[in-house]
Amino acid sequence: MKQHKIVIIGGGPAGLAAALGAKAHGIDDVLILERDERLGGILNQCIHNGFGLHTFKEELTGPEYAQRYIDRVLAAGIPYQLRTTVAEITPNREILCVNAEEGAVTIKADAVILAMGCRERPRGALGLPGFRPAGVYTAGTAQRLMNIDGYMVGREAVILGSGDIGLIMARRMTLEGAKVRAVAELMPYSGGLKRNIVQCLDDFGIPLKLSHTVTKIHGKERVTGVTLSQVCADRKPIPGTEEYYSCDTLLLSCGLLPENELSKSASVELDPVTGGAVVSDRLETSVPGIFSCGNVLHVHDLVDNVSQEAARAGEKAAEFVKNGRSSGGTAIRLKGENGVRYTVPQILYADDMDEKLTVRLRVGDVFRNKALVVCYDGKEVKRLKKRIMAPGEMEEVTLQRDSLTDDVREIIIRVEG
Amino acid sequence: MKQELTCIRCPMGCQLTVEISGDSVTVSGNTCPRGADYGKKEVTAPTRIVTSSVKVRGGELPLVSVKTASDIPKDKIFDVMAEIRRCYTDAPVYVGDILIADAAGTGCAIVATRNVERVNS
Numbered sequence: 001m002k003q004h005k006i007v008i009i010g011g012g013p014a015g016l017a018a019a020l021g022a023k024a025h026g027i028d029d030v031l032i033l034e035r036d037e038r039l040g041g042i043l044n045q046c047i048h049n050g051f052g053l054h055t056f057k058e059e060l061t062g063p064e065y066a067q068r069y070i071d072r073v074l075a076a077g078i079p080y081q082l083r084t085t086v087a088e089i090t091p092n093r094e095i096l097c098v099n100a101e102e103g104a105v106t107i108k109a110d111a112v113i114l115a116m117g118c119r120e121r122p123r124g125a126l127g128l129p130g131f132r133p134a135g136v137y138t139a140g141t142a143q144r145l146m147n148i149d150g151y152m153v154g155r156e157a158v159i160l161g162s163g164d165i166g167l168i169m170a171r172r173m174t175l176e177g178a179k180v181r182a183v184a185e186l187m188p189y190s191g192g193l194k195r196n197i198v199q200c201l202d203d204f205g206i207p208l209k210l211s212h213t214v215t216k217i218h219g220k221e222r223v224t225g226v227t228l229s230q231v232c233a234d235r236k237p238i239p240g241t242e243e244y245y246s247c248d249t250l251l252l253s254c255g256l257l258p259e260n261e262l263s264k265s266a267s268v269e270l271d272p273v274t275g276g277a278v279v280s281d282r283l284e285t286s287v288p289g290i291f292s293c294g295n296v297l298h299v300h301d302l303v304d305n306v307s308q309e310a311a312r313a314g315e316k317a318a319e320f321v322k323n324g325r326s327s328g329g330t331a332i333r334l335k336g337e338n339g340v341r342y343t344v345p346q347i348l349y350a351d352d353m354d355e356k357l358t359v360r361l362r363v364g365d366v367f368r369n370k371a372l373v374v375c376y377d378g379k380e381v382k383r384l385k386k387r388i389m390a391p392g393e394m395e396e397v398t399l400q401r402d403s404l405t406d407d408v409r410e411i412i413i414r415v416e417g
Numbered sequence: 001m002k003q004e005l006t007c008i009r010c011p012m013g014c015q016l017t018v019e020i021s022g023d024s025v026t027v028s029g030n031t032c033p034r035g036a037d038y039g040k041k042e043v044t045a046p047t048r049i050v051t052s053s054v055k056v057r058g059g060e061l062p063l064v065s066v067k068t069a070s071d072i073p074k075d076k077i078f079d080v081m082a083e084i085r086r087c088y089t090d091a092p093v094y095v096g097d098i099l100i101a102d103a104a105g106t107g108c109a110i111v112a113t114r115n116v117e118r119v120n121s
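If you read the protein sequences in the order shown, they are chains A and B. Sequential numbering from 1 applies to the first sequence in this note's numbering. Sequential numbering from 1 applies to the second sequence in this note's numbering.
Just so you know, these hints were derived from the structure itself, not from any lab. Among the hints, a few may not be true.
From the structure, some residues in chain A lie toward chain B, with a derived Cβ separation under 10 Å [claimed, not checked]:
#1 E59
#2 P63
#3 L175
#4 I388
Quick caveat, the model's predicted, so the values are computed rather than measured. The beta-carbon is built from N, C-alpha and C at its ideal position, and this holds for glycine as well.
Please construct the entire structure, taking both the sequences and the accompanying hints into account.
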C-alpha cells in the first residue's frame with residue numbers, strides 16, 4: 001500500500017488551492033488525484049470572463065484563472081496524477097484508485113481533502129414529459145462540446161433554467177450563429193447573476209420567461225420543438241398557457257448537485273440541504289482526518305470563494321497531520337432559520353477556532369431591505385442590514401472567537417424585517 | 001429618446017431610465033452614483049469583452065480559448081466573432097499569445113487564454 005500525508009481528491013480550483021494551502025502550512029507530501037486528462041477542472045470549459053475579481057483584482061477567463069493556480073502548483077513541485085479515478089474511500093482514509101498504467105492501487109493517507117466538485121441536475125431528475133430524442137443536453141455538457149471539443153450542439157435552442165451556465169450558453173450559442181428562442185425559468189426570479197441576464201440575454205434580445213417550464217419535448221429522433229407553459233405559485237403548469245417553440249436543441253440549466261458518492265463510501269455525514277458534507281469550522285467532516293471544500297461541500301457562485309475555502313481546508317488538514325487530532329471541546333451547532341436555508345460550517349468548536357470565522361449561507365427567497373440576524377442561544381449578537389438578498393447570491397457572516405462564551409450551545413442565523 | 005436598463009454594477013439590479021436629449025444624458029431610477037455612470041456609458045458608448053475560441057492545428061486540443069484584450073464597442077461583437085471564426089493557429093499556443101493583432105478594425109487584439117501544447121501525430 002502506498003502512503004501519503006495528504007491526498008486531495010480532484011484537481012479543479014478547490015483541489016489546487018487545497019494543495020497549495022497544505023504545502024504552505026508545512027506538509028510537503030501532498031498528492032492530487034484527478035480523473036480528467038488535465039488539471040483545472042470545470043474552469044477549462046468556462047472560457048467566458050469574470051473570474052478572479054477578488055483574488056487577482058482583474059477579470060480573468062476560466063482557463064486563465066485555472067492556469068495561475070496550476071503554475072503555482074507546478075512551481076511548488078506538488079505531485080499530481082491525471083486520468084486517475086478514485087473508486088472508494090474508507091473511513092480510515094484508505095483510497096482505492098484506478099488508472100490505465102497501474103491498475104487498482106490503494107493509498108493510505110494521514111488526511112484526505114474532498115474536492116470533487118459538483119454535477120448538473122440531469123433530465124431524468126426533472127421529470128420532463130415527451131420522448132427521448134437527441135438534442136437534449138445539460139448546459140455544461142453543451143459547454144464542453146462547444147468549448148473543448150469544438151462541436152456546435154444545435155442551430156435553434158430553448159434553455160430551461162436560468163442558472164448562470166444556461167445564461168452563459170445562451171450567449172455562447174448566439175455568438176456562434178445559433179438562434180436562442182427563449183430561456184424558461186420555473187421560479188418567479190432568476191437563479192443567475194444579474195450581470196449574466198443583462199450581458200447574455202438582454203444584449204441579444206433573448207426573452208427570459210419567468211414562472212415557465214417545459215411541459216413537452218417534441219420530436220422522436222431529434223428535438224423538433226418544446227412546449228412551454230406558465231406555472232402558478234405552487235409551480236404547477238396552468239392549462240391553456242401552452243406555447244410551442246420550434247427548436248432542435250434543449251439545454252438544461254436546472255441546478256448543481258455536489259458529487260458526494262465517495263464521501264458516502266467514507267461514511268461522511270451529509271447535510272440534506274447542501275447535499276455536501278456536514279463540516280466543522282476547520283472544514284473537517286464527521287470522519288476525523290477527512291476534510292471537504294469547494295463545490296463538493298456546497299455549490300458556490302464565485303470561484304474566488306472556492307479557492308479561499310479550499311486553501312483553509314489545506315491549512316486545517318496540515319494542522320491535523322501535524323497535531324494528529326481533530327478539534328476538541330464542546331460542539332456548537334450552527335443553523336439557518338426563517339429564510340436562511342443553510343450555513344457552512346454547521347459545527348463550531350470554540351476552543352480551537354480561529355480568531356475570525358467566515359460563515360457562508362444562502363437564503364431561500366428574494367428579500368429586500370431585511371437583515372441577517374445572528375443569535376447565540378436565542379440572544380441577538382449581530383444584525384447586518386441587507387438591501388437585497390437572493391437565492392442566487394451567497395451571503396457571508398463573520399463570527400469573532402472572543403464574542404463566544406463557554407456556555408453557548410447553538411448559533412442561529414435568520415432573516416428578519 | 002428614453003431607454004430602460006438594468007444596472008449591473010451590484011446585485012441590487014436597479015431599473016434605470018436613461019433619457020437622451022441633445023448632448024445631455026439623464027439617468028433616473030438609480031440608487032447610487034455608480035448606477036448613473038453605468039446608465040450613461042450604456043447608452044452613449046456600450047462596450048463588452050468578447051470570449052470565444054480559435055481552431056488549432058497540431059495541438060493536444062482542437063481549440064484554444066481566446067478573448068479580446070480589452071473591451072470593444074458592443075456593435076462590433078459580431079464583426080469580431082466573424083474574424084475569430086475565420087482564424088486558425090498552430091500549436092503550441094500559450095496564455096497571452098496574440099492571435100489577431102487588430103480584430104475587425106477595433107484596434108483590439110485577440111489573445112489566447114489557455115495553453116495548448118503541440119503533439120506529434
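Against the structure, the hints:
Residue-level restraint check for A/E59 holds (minimum Cβ-Cβ distance to chain B is 7 Å; threshold 10 Å). Against a cut-off of 10 Å between C-beta atoms, the interface hint on A/P63 holds, since the closest Cβ of chain B lies about 4 Å away. A hinted interface residue such as A/L175 counts as satisfied when its beta carbon comes closer than 10 Å to some beta carbon of chain B; here the least separation is about 5 Å, so the hint holds. The beta carbon of A/I388 comes within 5 Å of a beta carbon in chain B, closer than 10 Å, and the hint placing it at the interface holds.
The structure fails none of the hints (numbered hints given earlier).
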